[in-house]
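Asker: Sequence:
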Amino acid sequence: MGHRGERASCLPLLLLLLLLAFSRARVVRVPKGPLIRVVGTEVVIPCSVSDYDGPSEQNFDWEFSRETDFVRIVSTWDSTFTSEEYQKRVGHGDIKLRRSSNDAVELVIRNIQPTDQGRYKCSTPSTDATVQGNYDAEVQVKVISDGLSVSGSKARSSMSLRLSEGDSFKLRCSAVTTSLEHTHLHVTWQIKSGSTWQDILSLTHEGKFQPGPGYEERYRNGDIRLDTGANDTYWLSVSQASSVDGGAYRCLVSEWVRGADSTWQKIQEKSVEIASVAVQRTALDVVISTSNVSVTERDSLDLTCNITTDRSGIFQAEVMWYFSMSPDDTLSDAQVLLSMDRDSVVSDSTLISLSHVDRNSYRLLVRDVDVEDSGYYFCHAAVWVPLHNGSWHKVVERTSAPVSVVVTALEPDYEVFLNASKTPKFSDDPTELNCRITNSQDTKANIRFTVSWYYRPRLRSDDVVTEELLAMMDADWTLLLGDRGRERTQKGEIIFSKKAVDTFSLRIQWTSESDRGDYFCVISAWSRHRNNSWVKSKDVSSASVRIFWATQGPVFNVSVHSDSPTIYQGELADLLCIVTMEGMALEPDDMSFDVSWFAVRSFALDREPILLASLDRRGIVMQSRRNGSSDLSLERISPLEFRLRVHGCEDHDFGNHYCVVTPWVRSATGVWQREPDIKAKPIFLSVKMDVLNAFKYPLLIGIGLATVIGLLSCLIGYCSSRWCCKKEVQETRRERRRLMSMEMD
Numbered sequence: 007m008g009h010r011g012e013r014a015s016c017l018p019l020l021l022l023l024l025l026l027a028f029s030r031a032r033v034v035r036v037p038k039g040p041l042i043r044v045v046g047t048e049v050v051i052p053c054s055v056s057d058y059d060g061p062s063e064q065n066f067d068w069e070f071s072r073e074t075d076f077v078r079i080v081s082t083w084d085s086t087f088t089s090e091e092y093q094k095r096v097g098h099g100d101i102k103l104r105r106s107s108n109d110a111v112e113l114v115i116r117n118i119q120p121t122d123q124g125r126y127k128c129s130t131p132s133t134d135a136t137v138q139g140n141y142d143a144e145v146q147v148k149v150i151s152d153g154l155s156v157s158g159s160k161a162r163s164s165m166s167l168r169l170s171e172g173d174s175f176k177l178r179c180s181a182v183t184t185s186l187e188h189t190h191l192h193v194t195w196q197i198k199s200g201s202t203w204q205d206i207l208s209l210t211h212e213g214k215f216q217p218g219p220g221y222e223e224r225y226r227n228g229d230i231r232l233d234t235g236a237n238d239t240y241w242l243s244v245s246q247a248s249s250v251d252g253g254a255y256r257c258l259v260s261e262w263v264r265g266a267d268s269t270w271q272k273i274q275e276k277s278v279e280i281a282s283v284a285v286q287r288t289a290l291d292v293v294i295s296t297s298n299v300s301v302t303e304r305d306s307l308d309l310t311c312n313i314t315t316d317r318s319g320i321f322q323a324e325v326m327w328y329f330s331m332s333p334d335d336t337l338s339d340a341q342v343l344l345s346m347d348r349d350s351v352v353s354d355s356t357l358i359s360l361s362h363v364d365r366n367s368y369r370l371l372v373r374d375v376d377v378e379d380s381g382y383y384f385c386h387a388a389v390w391v392p393l394h395n396g397s398w399h400k401v402v403e404r405t406s407a408p409v410s411v412v413v414t415a416l417e418p419d420y421e422v423f424l425n426a427s428k429t430p431k432f433s434d435d436p437t438e439l440n441c442r443i444t445n446s447q448d449t450k451a452n453i454r455f456t457v458s459w460y461y462r463p464r465l466r467s468d469d470v471v472t473e474e475l476l477a478m479m480d481a482d483w484t485l486l487l488g489d490r491g492r493e494r495t496q497k498g499e500i501i502f503s504k505k506a507v508d509t510f511s512l513r514i515q516w517t518s519e520s521d522r523g524d525y526f527c528v529i530s531a532w533s534r535h536r537n538n539s540w541v542k543s544k545d546v547s548s549a550s551v552r553i554f555w556a557t558q559g560p561v562f563n564v565s566v567h568s569d570s571p572t573i574y575q576g577e578l579a580d581l582l583c584i585v586t587m588e589g590m591a592l593e594p595d596d597m598s599f600d601v602s603w604f605a606v607r608s609f610a611l612d613r614e615p616i617l618l619a620s621l622d623r624r625g626i627v628m629q630s631r632r633n634g635s636s637d638l639s640l641e642r643i644s645p646l647e648f649r650l651r652v653h654g655c656e657d658h659d660f661g662n663h664y665c666v667v668t669p670w671v672r673s674a675t676g677v678w679q680r681e682p683d684i685k686a687k688p689i690f691l692s693v694k695m696d697v698l699n700a701f702k703y704p705l706l707i708g709i710g711l712a713t714v715i716g717l718l719s720c721l722i723g724y725c726s727s728r729w730c731c732k733k734e735v736q737e738t739r740r741e742r743r744r745l746m747s748m749e750m751d
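Each residue of the sequence shown is one higher than the one before, starting from 7 at the first, in the numbering used here.
Some hints here could point you the wrong way.
[To be verified] Derived pair list, reagent style DSS-like, types lysine-lysine, alpha-carbon separation capped at 30 Å:
| no. | residue 1 | residue 2 |
| --- | --- | --- |
| 1 | LYS276 | LYS102 |
| 2 | LYS94 | LYS276 |
| 3 | LYS38 | LYS214 |
| 4 | LYS276 | LYS148 |
[Unchecked claim] Computed beta-carbon distance windows for the label pairs:
| no. | residue 1 | residue 2 | range |
| --- | --- | --- | --- |
| 5 | PRO52 | ASP238 | 32 to 38 Å |
| 6 | SER249 | VAL351 | 26 to 32 Å |
| 7 | SER249 | TRP540 | 39 to 45 Å |
| 8 | ALA266 | LEU169 | 22 to 28 Å |
| 9 | THR336 | SER249 | 20 to 26 Å |
None of these hints come from the bench; they were simulated from the model. Quantities reported herein were computed from a predicted structural model and do not represent experimental measurements. For every residue, glycine included, the Cβ atom is placed at its ideal position computed from N, Cα and C.
Modelling step: build the complete structure from the supplied sequences, incorporating the hints.
Answerer: Below, the structure is given as structure tokens:
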């Protein structure tokens, strides 16, 4: 029973809370007064309404009272609301309403006067279903006299300062207020760059220093300061002036008062231009006195860096020499050779020295230059000026244009001679070649010689022959084998050796027919640099030595010939494949040939060859399929000549044409042996268009067609006029009567 009674007593309280939760009451708000404002300034008093019914956009009425009665000022919805006392000021726009939202407006009073001091009431007409809450609110406005004065130097106009980059300067501003209210001053130094003013540094009304955007780091470094002095003065100190510090400077002072809600409110603001500052950039030219330089290895490199500046007064220069392999490298990519700081202290180096010749010249001397010293040299200089606190500031730095330095290696003078101490007369005989260095001069202890062996085969065709690398030595005399003969060298069948300081040997234990050809050697001279590395300085090649012996079969060569390699379309092209022999002559019945003709359809041999036709040694001809109307014929016109004919040449028959011949030789025992294929050097067949023949038949056909059409037209016209278009004309019969005499009438 007790619990049931407690529940019953809680019901009225819950109902009251629910009623309060769902009930709404209109609230009109204005700032908490008094609002202290300075005479002659603009006053803005906001007013808002909330928790109302009706339309979303609310109307507002403003009234003013100096003592008891209220005078109507302005309304958002009634143009006749304004009293006669305020009609002129409202009409001129000195007093107006500015709506900030549907439920808020601002009363704006320009050039407020002491007579405007009093109570201002903001009212809202009711749009609610029931009258609840407040429909107006009042705020007290207090108008005080203007006691703020801001001034710069004693001169009437702002002063002009011309400074050099890196200089320091100070500007003075005086700001004082005689207001009886407890106000604080907010002082801001500004610079005008272009058409806008930018904050540099402020001393706020709360006594805090606040740097402007972009000046935070300079403020932390102490380069920009705001100091206070006697007689309410505020000094702006700028150290290490740069080009961005040039412009007009002004002192902006605002007066602040703490409102009834403990927030700070700005009541007025004044400014005065203090000075116009021009910062002249320091000119600095850094030039290396010489242009491109060429020196010989082991000589000295002498370069001078000249510095020219318009800086006056006390300054020091810092110089650094750089080396780079590319003229486009930046300072971070280049190598620092030597540097001299502003105190003329030079970094240490053994072979490089840097000296201060005079105030503007710095000499770099590199002794005992090497080939690795070839590259680009440039000089970087910086100008430092002292500051008021004893430190130094870098005002300008420049880099010279790079100078190209070429170090020419000292090439040793020597010759190379190759001879064969053993030559084969038959297959499997040994071969030994000796490559000797002769007439060597100026070869010092820092010169080393190595050898490279090359082989050039003798081809039985007119193709270009390229040499093949057999073996080579690097600077450490390590033998590097080529692809040819690698396996035979590893088996010991081919031996490379160094017999003496000036002699290198190549020995083939069992010479085969594939070893026949031309051999030559290349002697390379290597120079040792300062870092003990070896760099090749010179190559000298020997004359070639031919290794050859007579064999029991002939040597065949093949070539292609044409009397007319340039023909017109539709004509006949004749190409001859000619086989020649060296050595032992053979009877025609003891030799036979397989001949194949190929074409490469391009000016250069950069496409796959196309098989045109082939003739085997039994006389059987095979032709590939062709897309054009031209035709091919292949025949043997003599034992050693084979002719390819292209009948009715077309434009797609152009290109490089060559033949491949496979010789067959019959031995004394009657056995046919196949010899290696021989490829002839291509000949280019050019096909041109015969303009006269190309247009002859179309022209005759056109004339014939025109003649036939003309005759046919005349025939059709004649037939039409003769039969189809003839009309029968009937004469109208006329009666012939005599005229009667008038007298007989």
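Asker: So which of the earlier hints does this model not fit?
Answerer: The structure conflicts with hints 7, 8, although it agrees with all the remaining ones.
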